[in-house]
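Protein chains: 4
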Amino acid sequence: MKKIILLTGFEPFNKETINPSWEAVRTLQGWHEGDFVVHARQLPCVFGQASKVMHQAVEELQPSIVIAVGQAGGRVDLSVERIAINIDDAPIADNQKRQIVDQPIVTSGPAAYFATLPIKAIVHALREAGLPSSVSQTAGTYVCNHVFYSLMHQAHEWGTTMRAGFIHIPYLPQQAAAHPGSASMKLEDMVEGLRIAIRTTLAHDVDMREAGGVTH
Amino acid sequence: MKKIILLTGFEPFNKETINPSWEAVRTLQGWHEGDFVVHARQLPCVFGQASKVMHQAVEELQPSIVIAVGQAGGRVDLSVERIAINIDDAPIADNQKRQIVDQPIVTSGPAAYFATLPIKAIVHALREAGLPSSVSQTAGTYVCNHVFYSLMHQAHEWGTTMRAGFIHIPYLPQQAAAHPGSASMKLEDMVEGLRIAIRTTLAHDVDMREAGGVTH
Amino acid sequence: MKKIILLTGFEPFNKETINPSWEAVRTLQGWHEGDFVVHARQLPCVFGQASKVMHQAVEELQPSIVIAVGQAGGRVDLSVERIAINIDDAPIADNQKRQIVDQPIVTSGPAAYFATLPIKAIVHALREAGLPSSVSQTAGTYVCNHVFYSLMHQAHEWGTTMRAGFIHIPYLPQQAAAHPGSASMKLEDMVEGLRIAIRTTLAHDVDMREAGGVTH
Amino acid sequence: MKKIILLTGFEPFNKETINPSWEAVRTLQGWHEGDFVVHARQLPCVFGQASKVMHQAVEELQPSIVIAVGQAGGRVDLSVERIAINIDDAPIADNQKRQIVDQPIVTSGPAAYFATLPIKAIVHALREAGLPSSVSQTAGTYVCNHVFYSLMHQAHEWGTTMRAGFIHIPYLPQQAAAHPGSASMKLEDMVEGLRIAIRTTLAHDVDMREAGGVTH
Numbered sequence: 038m039k040k041i042i043l044l045t046g047f048e049p050f051n052k053e054t055i056n057p058s059w060e061a062v063r064t065l066q067g068w069h070e071g072d073f074v075v076h077a078r079q080l081p082c083v084f085g086q087a088s089k090v091m092h093q094a095v096e097e098l099q100p101s102i103v104i105a106v107g108q109a110g111g112r113v114d115l116s117v118e119r120i121a122i123n124i125d126d127a128p129i130a131d132n133q134k135r136q137i138v139d140q141p142i143v144t145s146g147p148a149a150y151f152a153t154l155p156i157k158a159i160v161h162a163l164r165e166a167g168l169p170s171s172v173s174q175t176a177g178t179y180v181c182n183h184v185f186y187s188l189m190h191q192a193h194e195w196g197t198t199m200r201a202g203f204i205h206i207p208y209l210p211q212q213a214a215a216h217p218g219s220a221s222m223k224l225e226d227m228v229e230g231l232r233i234a235i236r237t238t239l240a241h242d243v244d245m246r247e248a249g250g251v252t253h
Numbered sequence: 038m039k040k041i042i043l044l045t046g047f048e049p050f051n052k053e054t055i056n057p058s059w060e061a062v063r064t065l066q067g068w069h070e071g072d073f074v075v076h077a078r079q080l081p082c083v084f085g086q087a088s089k090v091m092h093q094a095v096e097e098l099q100p101s102i103v104i105a106v107g108q109a110g111g112r113v114d115l116s117v118e119r120i121a122i123n124i125d126d127a128p129i130a131d132n133q134k135r136q137i138v139d140q141p142i143v144t145s146g147p148a149a150y151f152a153t154l155p156i157k158a159i160v161h162a163l164r165e166a167g168l169p170s171s172v173s174q175t176a177g178t179y180v181c182n183h184v185f186y187s188l189m190h191q192a193h194e195w196g197t198t199m200r201a202g203f204i205h206i207p208y209l210p211q212q213a214a215a216h217p218g219s220a221s222m223k224l225e226d227m228v229e230g231l232r233i234a235i236r237t238t239l240a241h242d243v244d245m246r247e248a249g250g251v252t253h
Numbered sequence: 038m039k040k041i042i043l044l045t046g047f048e049p050f051n052k053e054t055i056n057p058s059w060e061a062v063r064t065l066q067g068w069h070e071g072d073f074v075v076h077a078r079q080l081p082c083v084f085g086q087a088s089k090v091m092h093q094a095v096e097e098l099q100p101s102i103v104i105a106v107g108q109a110g111g112r113v114d115l116s117v118e119r120i121a122i123n124i125d126d127a128p129i130a131d132n133q134k135r136q137i138v139d140q141p142i143v144t145s146g147p148a149a150y151f152a153t154l155p156i157k158a159i160v161h162a163l164r165e166a167g168l169p170s171s172v173s174q175t176a177g178t179y180v181c182n183h184v185f186y187s188l189m190h191q192a193h194e195w196g197t198t199m200r201a202g203f204i205h206i207p208y209l210p211q212q213a214a215a216h217p218g219s220a221s222m223k224l225e226d227m228v229e230g231l232r233i234a235i236r237t238t239l240a241h242d243v244d245m246r247e248a249g250g251v252t253h
Numbered sequence: 038m039k040k041i042i043l044l045t046g047f048e049p050f051n052k053e054t055i056n057p058s059w060e061a062v063r064t065l066q067g068w069h070e071g072d073f074v075v076h077a078r079q080l081p082c083v084f085g086q087a088s089k090v091m092h093q094a095v096e097e098l099q100p101s102i103v104i105a106v107g108q109a110g111g112r113v114d115l116s117v118e119r120i121a122i123n124i125d126d127a128p129i130a131d132n133q134k135r136q137i138v139d140q141p142i143v144t145s146g147p148a149a150y151f152a153t154l155p156i157k158a159i160v161h162a163l164r165e166a167g168l169p170s171s172v173s174q175t176a177g178t179y180v181c182n183h184v185f186y187s188l189m190h191q192a193h194e195w196g197t198t199m200r201a202g203f204i205h206i207p208y209l210p211q212q213a214a215a216h217p218g219s220a221s222m223k224l225e226d227m228v229e230g231l232r233i234a235i236r237t238t239l240a241h242d243v244d245m246r247e248a249g250g251v252t253h
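Residue numbers (the numbering used here), protein chains in the order written: chain A, 38 to 253; chain B, 38 to 253; chain C, 38 to 253; chain D, 38 to 253.
So here's chain A without its partners, still in its complex pose:
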């Protein structure tokens, strides 16, 4: 039986009509290579519901690897998140018009979880392939981080060997055309980047050691 890779993307939010994370992820639905196959799922951009849909997908599919993907309008590259933190602090309302401020995601959960993807190896492989990428030290405090933390907490609670993490992606060009000053990336490069992230994760049980930090 094939290893299952779960990719998730979000529905559009914040007045956008498209979300590149879902566009990229759904392109890879069913993609298989060697001994793995990809399942793609869409998450609502809603606190609580997003993590619920994620949990159900993980329960149902029992994936070996989960990569959650989210739009980071304004960022320039494929940014591989290092850490998920236990706080919701929304600068804007979610798609259910709720704006949660300073609530823990999991009451009495730990402050944070590190991603268990080989983040340095992924950034290295993406750059080698000519795709702009970097390690990110924060996934924010909105629904993306919410899902990321919930996912890592679930993996931790289950004591599973499942590896998981989060990748933020820029606007698509057509979105940036409406947001002057914002960087963008083509859908095909996002998709190729996700393929590389999957292959790299499968190839690295242990991450590379390569500087990817920042002074502040």
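In this list, chains with the same sequence are indistinguishable; a pair is considered to hold if it fits within one copy or across any two.
Below, simulated BS3-like cross-link-like pairs (lysine-lysine); rule was C-alpha separation at most 30 Å, straight line:
id : residue 1 : residue 2
1  : K40       : K89
2  : K134      : K52
3  : K89       : K134
4  : K89       : K39
It is worth saying that the hints were derived from the structure and are not from the lab. All figures in this text were calculated on a predicted structure; none of them were measured in a lab.
Using the hints, position chains B, C and D against chain A.
Just chains B, C and D now, with coordinates in the frame of chain A:
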């Protein structure tokens, strides 16, 4: 006889091994549609020589439209330049290792020339096509501006109806992969953007009026 | 009789209740040293009226030097403008609720004028004094550039020896406190910066040659 | 007996000859008001040693509140850190020429600790006072975060009521004068900001709830 459109791009500079402006421009060599045909020429990234090669190409080809294209590493979009200024002030040496500081490009030439392309219409059309674009109020003070000013001066001196201008383009993804924090754009989008710029110029004898300025 | 230095600042605009340019400039009203004395005038943030008030002040005071100062919210330093361009292209309405788009400031005026202040020497002196500063290649296309161009045109028309230019300054800290993400500078540093700009202009009939340009 | 407030700042690093964090902190040595007094200590910019000096100071002084302060060249405001993470990942060597990559600060320590200062109340009070400030979601992965994490871990291990956190501050103007493009802040504003942070911490046993997060 067909109208001639001259596109120019630059050779690589500043330690790069590729220049997206030449990559994009050379792809369009010979492209024709309706009553026009594109000629592509490469310029050296050298003060003086760059404008000389440009002048000779203009003299030889007698183009109706000239669009000079240059790499602007760090910019996020196709930025259509509004104005060329009569100064060389190089922050780094050119490809002949010369760093000119504060010399006029044309002694006793006017301080500046406005582009004679329909810059607002081009930005509008690019955004409509889903390509990030904006008007830029400065082409810098390096070889790009040098060529742009020389070109506009030549057009002015000849009293020609030739229309001309300059478009700055971002890094390619493979370049941005080596410059963390920099935005990028795919070659195919740059090429498509230049096609749109040409068609829009041919379609607009007079520019649209649409806000594209900045407070500072 | 003392040489007259005219400094101008603007009234608040764009929902601000204060304009650092006027706050800095008015502090220097009457400041004198050696053989010069400073006159400070406030300009309305209104196309046309701003340049009219400037012209009248120049006519009345017959200054040796004019430094127009304006707020550049978001910029980080004292930026000394290199060039004024002959276009109004307002991204927002002025204080009379007029938003001019793509009109020349002076019909049949030249495309641009270079500042006649020793801009490189001023930047050099400011940095020596521990004040962040840089040459700016564009004063934008709003009321600041409008006044700057009008002033340089007036100087040119009169064939005067008056030297003139424009300095953009950041938000004050209290303004930046309301614009998260924006840099700021203390009023006293702005004032000290203007003192240095005046002294440097008086000390340099010819500008220093020091790189201050950009590649794009 | 008076409550002790411990402030720490760093020695210069990365080719600087001054570190604003130490300049600001040492100004407050001995400052007292009501029932508290400030002790200021300098930390070396060296992994391991910095946290050792911090631990000894905490052990010796038994402070009620600790605010560690560090330079964040390029940031625009007083940024109050939300969370310290258990990783050293240095982009540059420390002052002992060691560049640690991807090592936990405390082996088998938790992934992160939240600051126990009232971070939202501090940002609110600073802005009220006209000082630019924001919550920061990451203190980086260098010596600042190293000290911050070690400090929070020590507080946690001791089960103390001591409250602690970290504030990043911009360059001083004289530093920014040598780093064109960087924002800066006057020393007196940094010092005033720290006074406000101390008073606000004493006044708020529980933090305010006010949005201070980011989407990514």
